[in-house]
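Asker: Using the sequences plus the hints, can you model the full thing?
Residue numbers (the UniProt record's numbering), protein chains in the order written: chain A, 1 to 281; chain B, 1 to 371.
Calculated from the structure, these hints are not laboratory results.
A few of these clues could be false.
Calculated lysine to aspartate or glutamate pairs in the EDC-like style (CA-CA distance at most 20 Å, straight line) [as the list claims (entries may be wrong)]:
id : chain 1 : residue 1 : chain 2 : residue 2
1  : B       : 110       : B       : 122
2  : B       : 116       : B       : 93
3  : B       : 46        : A       : 175
4  : A       : 229       : A       : 139
5  : A       : 42        : A       : 243
6  : B       : 46        : A       : 171
Taking beta-carbon pairs under 7 Å as the criterion, some of the chain B residues facing chain A (in silico) [as the list claims (entries may be wrong)]:
id : residue
7  : 49
8  : 51
9  : 71
10 : 80
11 : 84
12 : 97
13 : 98
Source: prediction; values computed, not measured.
For glycine and all other residues, C-beta sits at the position ideal for the given N, C-alpha and C.
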Amino acid sequence: MSAAAAPIRAKRVLPGFSLSLGTTLLYVALVIMIPVIALVLKGAEIGPVRFWAIVTAPRTLAALRVTLTAAAAATVFNAFYGLLMAWVLTRYDFPGKRILDALMDIPFALPTAVAGISLTALYSANGWFGAPLTGAGIELVYTLGGVILAMTFTSIPFVVRAIQPVLEDLDPALEQAAMTLGARPFAIFRRVVLPAILPAWLAGSTVAFARSLGEFGAVVFIAGNLPFKTEIAALLAFIRLEEYDYQGAAAIALVLLLIALILLALSNLIQFRAARHLEAR
Amino acid sequence: MSIVIEHMTKSFDGTAVLRGIDLTIESGELVALLGPSGSGKTTLLKIIAGLEWPNSGGLVVHGADWLHLAAQDRRIGFVFQHYALFPHMSVRDNIAFGLTVRPRAERPGKAVIAAKVDQLLEFLQIAHLGERYPAQLSGGQRQRVALGRALAIEPTVLLLDEPFGALDAAVRRDLRAWLREVHDQTGSTTIFVTHDQEEAFELADRVVVMGDGRIEQIGNADQIHDHPASPFVARFMGATIELPVTLQAGRAEAPGLDGSRLPRRALPDGPATLFLRPADVTPLPDPAGRWQITHRTSNGALLRLDLADDKGTDGTGRFGIDLPRRAPEAQGLVPGARVDLRPEAGTIFPGPRALSPQPAATEFPRKEKSL
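Answerer: Here is the structure:
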């Protein structure tokens with residue numbers, strides 16, 4: 001079947017393969033690749049010695065540490081809470097389920113600055129949640145806890161929305177089969193359900209982590225942005241930019257980009273390994 | 001392991017699916033639950049498995065009340081319609097699953113499990129597929145793996161839901177003979193659900209015909225074929241012709257109908273309905289006959305004649321009959337010719353025929369099982 005010689009061609013939904021592919025590639029180039037390349041070039045201009053000096057400066061290292069720690073904590077929390085949430089939304093029927101399902105998207109829809117401001121208001125020493133928490137000796141606003149809280153809030157839907165469709169598509173007969181074979185609920189989850197949702201779960205968690213790394217709007221309001229304590233990398237890059245230190249900003253941004261890329265690659269690798277058996281011959 | 005089911009009812013959201021099932025299955029029997037979709041046969045199977053729970057009734061297996069046992073504790077082998085193999089596990093791991101999930105104290109050693117799996121792979125004639133994943137198998141191979149996985153736990157009862165439903169005809173015939181062999185060799189009690197009569201009769205010791213949540217008839221092929229217990233079973237067994245007749249001293253009488261070949265029935269005089277299979281009717285050419293041939297088609301071996309009752313006033317309408325194409329009487333049977341009919345075999349149920357082409361079985365009084 002040589003496509004070039006065939007006079008009859010199947011009708012497709014979109015007109016013209018070359019036109020649609022061209023548009024897609026142009027978009028990817030303009031909107032995604034060129035800014036990334038520009039960033040890399042900007043970083044390359046700096047030179048390795050200067051780059052290393054910027055990245056290993058105590059304030060940068062502290063900011064990266066805060067960002068990574070908070071993002072990791074937020075992701076671990078969201079991985080488990082998001083799984084629970086997706087489970088509840090797919091496996092049970094209860095009044096208000098559709099509303100809860102819709103609420104799940106609020107962190108997507110809400111401008112992150114709005115989220116940051118309302119979280120700060122709620123958790124500040126005289127806020128609804130902050131007052132009792134402060135009484136109990138727990139302070140969230142202007143602490144690492146606050147950073148984690150903001151990151152958790154903005155990245156939870158990534159996990160839920162990644163797992164939900166996979167759980168919905170999971171054939172109930174698989175679990176029933178495991179039951180008839182004598183598997184207890186925990187064994188069914190660990191050996192039948194978990195392997196099925198693992199790729200989606202990892203993918204969702206990775207994207208949640210990447211989002212947390214770069215989260216800015218929600219964090220800056222609640223973090224207090226104390227250098228060495230609650231200052232995140234994205235904010236530091238912004239501060240450098242404000243100071244007309246383009247090289248400093250680019251170097252920090254490049255490090256964030258690198259971390260995100262490594263994570264995505266790792267996650268894809270694990271997903272690929274987990275999904276290998278699903279491909280027929 | 002005898003299975004005793006008593007007065008079992010089940011409804012989903014107010015729709016009755018089982019309307020009182022009583023059934024006893026003896027140890028070592030191979031039983032088919034046969035019925036159209038929606039007859040409740042799969043629900044009954046799932047209740048036996050512990051995957052559904054009845055609204056009322058009893059389920060006693062070998063003296064134990066199974067309604068107080070979880071599916072995990074019943075030790076049944078269940079083969080799902082679409083196999084439900086674990087996609088992320090190799091064939092070996094699938095088959096071993098029931099053994100490897102046992103609590104540590106009861107779990108056989110690794111070597112024992114491996115030996116058991118080897119033995120099953122051999123027995124199921126899929127020894128070369130052990131390392132494959134389900135996505136790499138054909139339908140028939142998957143079916144064998146699913147059965148192997150169920151057999152690995154040495155089940156007391158083997159339950160199969162439409163075991164051959166998703167396979168093509170040749171594989172189906174193959175697997176049918178093979179399943180019979182498996183049943184005979186393992187000696188387990190086996191129940192399978194099907195909507196395919198041929199499959200049910202060829203494979204099972206006893207066939208349970210179900211319709212609309214009830215058991216319509218229990219028997220073997222000959223009994224059910226020759227003596228359907230209800231109009232529902234008669235229709236399900238291919239009696240597509242329903243003629244209104246009058247019973248007179250146990251004989252069916254109707255204009256244009258020669259009922260001499262039908263045995264006398266001990267039924268009261270009055271209106272009744274005669275159920276006939278298209279192949280059980282002999283056309284008798286007669287210029288003044290009641291039916292006119294409107295259409296004649298051939299499939300090589302059989303002729304199908306479409307008949308219309310143009311003189312009839314009772315709405316008997318049109319139906320088709322089959323006869324061998326090489327039969328001598330087939331010559332003059334061309335469109336336009338008129339015939340009377342002589343049923344060679346048929347079933348009579350008292351009561352007038354309902355008008356709809358496929359009336360519900362409940363519109364007829366049910367005959368007691370007189371087998």
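Asker: Is the straight-line distance between the alpha-carbon of residue 42/A and that of residue 243/A 20 Å or less?
Answerer: Judged against 20 Å, a Cα distance of about 17 Å means the pair holds.
Asker: Taking the closest Cβ pair, is residue 98/B under 7 Å from chain A?
Answerer: Since chain A brings a Cβ to about 4 Å from residue 98/B, closer than 7 Å, the hint holds.
Asker: Take the C-alpha atoms of residue 46/B and residue 175/A, compute the straight-line distance between them, and say whether it is at most 20 Å.
Answerer: holds, 14 Å
Asker: With 7 Å as the cut and Cβ atoms as the points, is residue 97/B at the interface with chain A?
Answerer: Hint holds; residue 97/B Cβ to chain A Cβ min 5 Å, cut 7 Å.
Asker: Quickly compare the C-alpha distance for residue 229/A and residue 139/A to 20 Å and report which way the hint goes.
Answerer: With a Cα-Cα distance of about 14 Å, the restraint between residue 229/A and residue 139/A holds, given a limit of 20 Å.
Asker: Hold the hint about residue 51/B up to the distance rule: shortest CB distance to chain A must be less than 7 Å.
Answerer: Nearest chain A Cβ about 5 Å off; hint holds.
Asker: For the hint on residue 49/B, just tell me whether its beta-carbon gets within less than 7 Å of chain A.
Answerer: holds, 6 Å
Asker: Quick one, are residue 46/B and residue 171/A close enough, alpha carbons at most 20 Å?
Answerer: Within the cut-off at roughly 16 Å; holds.
Asker: Taking the closest Cβ pair, is residue 71/B under 7 Å from chain A?
Answerer: holds, 4 Å
Asker: Please verify whether residue 116/B and residue 93/B have alpha carbons no more than 20 Å apart.
Answerer: holds, 12 Å
Asker: Between residue 110/B and residue 122/B, is the straight-line Cα distance small enough, at 20 Å or below?
Answerer: holds, 18 Å
Asker: Would you check whether residue 84/B satisfies its interface hint, that is, whether its CB is within less than 7 Å of any CB in chain A?
Answerer: With Cβ-Cβ at 4 Å, under 7 Å, it holds.
Comparing the model with each numbered hint stated earlier shows that all of them hold.
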